[in-house]
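Enquirer: Spelled out, the chains give:
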Amino acid sequence: MIHARLKKRFPAGPDSAEFLLDAEIRTQDAVSVLFGPSGAGKTLTLNSIAGFVRPDEGRVMVDDDILFDGATNVHLPPRARRCGYVFQNYALFPHMTLRQNLEFASQFRPTLERRRKVNEMLDLFRLADLAGRKPHELSGGQKQRCSIARALLAEPRVLLLDEPAQGLDAILRAELHDVLRNVRSSFSTPILMVTHDLEECFAVGDRMFIFHEGKVVQQGTPPEIFDKPASLTVARLLGIYNLLQADVLTLDPGRNTCSLRLGDCELAGPYLPGKFKGDRVWLCVRPEELRASPRDGKPGFNQVPAQLRGATPRPGGMRLEFDRELLADVPRSEYEQNRHNKEWIVEFPSTGLRVL
Amino acid sequence: MAIDWFPLWLSLRVAALSTAFAIVFGLWVAYLLAFRAFRGKEVVDAMVALPLVLPPTVLGYYLLVVLGRTSPFGKFYEWITGSPLVFTWQAAVVAALFHSFPLLVKSTRAALESVDTSYARAARSLGASEWRIFTRVTVPLARRSILAAAAIAFARSLGDFGVTIMIAGNIPGRTQTLAVAIYDAVESGNGALARVMVLVISAIALLILWVANRLAPRHLFG
Numbered sequence: 029m030i031h032a033r034l035k036k037r038f039p040a041g042p043d044s045a046e047f048l049l050d051a052e053i054r055t056q057d058a059v060s061v062l063f064g065p066s067g068a069g070k071t072l073t074l075n076s077i078a079g080f081v082r083p084d085e086g087r088v089m090v091d092d093d094i095l096f097d098g099a100t101n102v103h104l105p106p107r108a109r110r111c112g113y114v115f116q117n118y119a120l121f122p123h124m125t126l127r128q129n130l131e132f133a134s135q136f137r138p139t140l141e142r143r144r145k146v147n148e149m150l151d152l153f154r155l156a157d158l159a160g161r162k163p164h165e166l167s168g169g170q171k172q173r174c175s176i177a178r179a180l181l182a183e184p185r186v187l188l189l190d191e192p193a194q195g196l197d198a199i200l201r202a203e204l205h206d207v208l209r210n211v212r213s214s215f216s217t218p219i220l221m222v223t224h225d226l227e228e229c230f231a232v233g234d235r236m237f238i239f240h241e242g243k244v245v246q247q248g249t250p251p252e253i254f255d256k257p258a259s260l261t262v263a264r265l266l267g268i269y270n271l272l273q274a275d276v277l278t279l280d281p282g283r284n285t286c287s288l289r290l291g292d293c294e295l296a297g298p299y300l301p302g303k304f305k306g307d308r309v310w311l312c313v314r315p316e317e318l319r320a321s322p323r324d325g326k327p328g329f330n331q332v333p334a335q336l337r338g339a340t341p342r343p344g345g346m347r348l349e350f351d352r353e354l355l356a357d358v359p360r361s362e363y364e365q366n367r368h369n370k371e372w373i374v375e376f377p378s379t380g381l382r383v384l
Numbered sequence: 101m102a103i104d105w106f107p108l109w110l111s112l113r114v115a116a117l118s119t120a121f122a123i124v125f126g127l128w129v130a131y132l133l134a135f136r137a138f139r140g141k142e143v144v145d146a147m148v149a150l151p152l153v154l155p156p157t158v159l160g161y162y163l164l165v166v167l168g169r170t171s172p173f174g175k176f177y178e179w180i181t182g183s184p185l186v187f188t189w190q191a192a193v194v195a196a197l198f199h200s201f202p203l204l205v206k207s208t209r210a211a212l213e214s215v216d217t218s219y220a221r222a223a224r225s226l227g228a229s230e231w232r233i234f235t236r237v238t239v240p241l242a243r244r245s246i247l248a249a250a251a252i253a254f255a256r257s258l259g260d261f262g263v264t265i266m267i268a269g270n271i272p273g274r275t276q277t278l279a280v281a282i283y284d285a286v287e288s289g290n291g292a293l294a295r296v297m298v299l300v301i302s303a304i305a306l307l308i309l310w311v312a313n314r315l316a317p318r319h320l321f322g
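For the record, the sequence lines run as chains Y and V.
Its first residue numbered 29, the first sequence is counted upward by one per residue in our numbering.
Its first residue numbered 101, the second sequence is counted upward by one per residue in our numbering.
Don't take every hint at face value.
One-sided and incomplete, this derived list gives chain Y residues near chain V with beta-carbon spacing under 10 Å [as the list claims (entries may be wrong)]:
hint	residue
1	112
2	114
3	115
4	120
5	133
6	179
7	311
For the record, the hints were derived by calculation from the structure and aren't laboratory data.
Note that beta-carbon positions come from the ideal geometry of N, C-alpha and C, so glycine has one too.
Given only the sequences and the hints, what does the whole structure look like? Please build it.
Expert: Next comes the structure, spelled out in structure tokens:
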């Protein structure tokens, strides 16, 4: 279990505003992801756990060991924390071969066992053929595997990764995710990683913490968060939603329905607890949840007329941009058939309307 | 013309010893200045650099006072080794040290500080002690700059005159280094001898500077 409660204040500088980190992370999952924009405090959190940064207040616990406690003035040095750290630049020692890098991490073992362990790791991370090379002779993916292997050789209590996918192309990224899944199944070391890549959260994350301006604004499993962003801030940070302003027209708890006005159209959805008639709310809907089709007569139930502004190809189809800042995904074939059509109808799902 | 090459050998021996001492102590001081926070750090930094700006006579005077036969340190040295320190070739090593040490500390500190901190952090997260990080990671990574700094320090201690003549004196065959011998030759009107020695020491200095420039990353002595 990793439990970190951290507070650290950075006073305003000549060209920076004051920054306050006030975050709490508690996780038992195998892979936890810290997600958020740059400058939100993710790496600072990681560095506080590793001991490179001393928080002003709070406490860091891994399993039953206290690594930092502001109240009793406990601050273990990084080397006593046994927190494996994989740096963004991998930080492989450039003057040592790959094997020497791994041996450096397992110095505490007797010679024979060290050799065996290092060889085991080289095999496990498919680095055996490269053991004699120096880091500058390796590709990015190989350096990364070596860096993860080196961190694991020191038998850490927790493995911390700082934006491991930064600067890797799609293939290497997929490879990294494979490596992480292998680490997850072969080692019992929990992983805590920083990322600002949403797909990564889904690919490897069991639990996700969303950081914004030094605070954790939401946590949960990735599907939970995608399904129910807790606030407008979270929805904006995830950046995958249409965010539309709407007014609550009617609310009927008995029939579990409500109706909303979006511009000059009316939408129906499930009852909204905690909202009142006349409230202005944010409608939050993903482009792939909308169905778009060429306009054919009057708009029907939960349908909104919209004018096509543009289209961008996506891996799965086309993303259409409409007026009202509305985005909707359609299959490519459907778009090709109707590409000269300007007038479209966008249909909202009646069950899954998310309102913030 | 029969040239006595003793001053050259003495100078090389003195420079080599003083550089060796400077590396051992200089690395340690540079490490403290680069990575440790302590009270009076700036004072230490200034003290280390002081010999670079003080007149040699002032330095020599201080050393005479501190190392002289009547001083506690002088007595201690005499008690240990059985002979006084001042006006021996060992005193010339001390004199040279005061020129090589500041150069070495300044450059080595810069070299150590220029090593990317993520390497030391990575080593720490792997459980390595500070000593191990210093000897296995930081110093090897700064190796070329440190060697270049040592070469410069060697060249500088080869040519010390003022402090040497004040605390080691000018005893031919015993404490007369090359720089002092040149002064002696000019004073006694032996121009031919002075010319040869001047050319020799210039050539050696040039060679060392060339080596240092080859070793150093551009930004240090560029």
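Enquirer: Now tell me, hint by hint, if it's right for this structure.
Expert: Outcome of the hint check:
1. The restraint placing residue 112 (chain Y) at the interface with chain V holds, with a minimum CB-CB distance near 6 Å, inside the 10 Å limit.
2. At its closest, the beta carbon of residue 114 (chain Y) sits 9 Å from a beta carbon of chain V; the interface hint therefore holds under the 10 Å criterion.
3. The beta carbon of residue 115 (chain Y) comes within 5 Å of a beta carbon in chain V, closer than 10 Å, and the hint placing it at the interface holds.
4. Checking residue 120 (chain Y) against chain V by beta carbon gives a least distance of about 8 Å; that is within 10 Å, so the hint holds.
5. Proximity of residue 133 (chain Y) to chain V holds as hinted, the smallest CB-CB distance being about 4 Å (cut-off 10 Å).
6. Annotation: interface hint on residue 179 (chain Y) holds; nearest CB of chain V at approximately 7 Å, less than 10 Å.
7. Taking 10 Å as the C-beta contact cut-off toward chain V, the hint placing residue 311 (chain Y) at the interface is violated, the least distance being around 45 Å.
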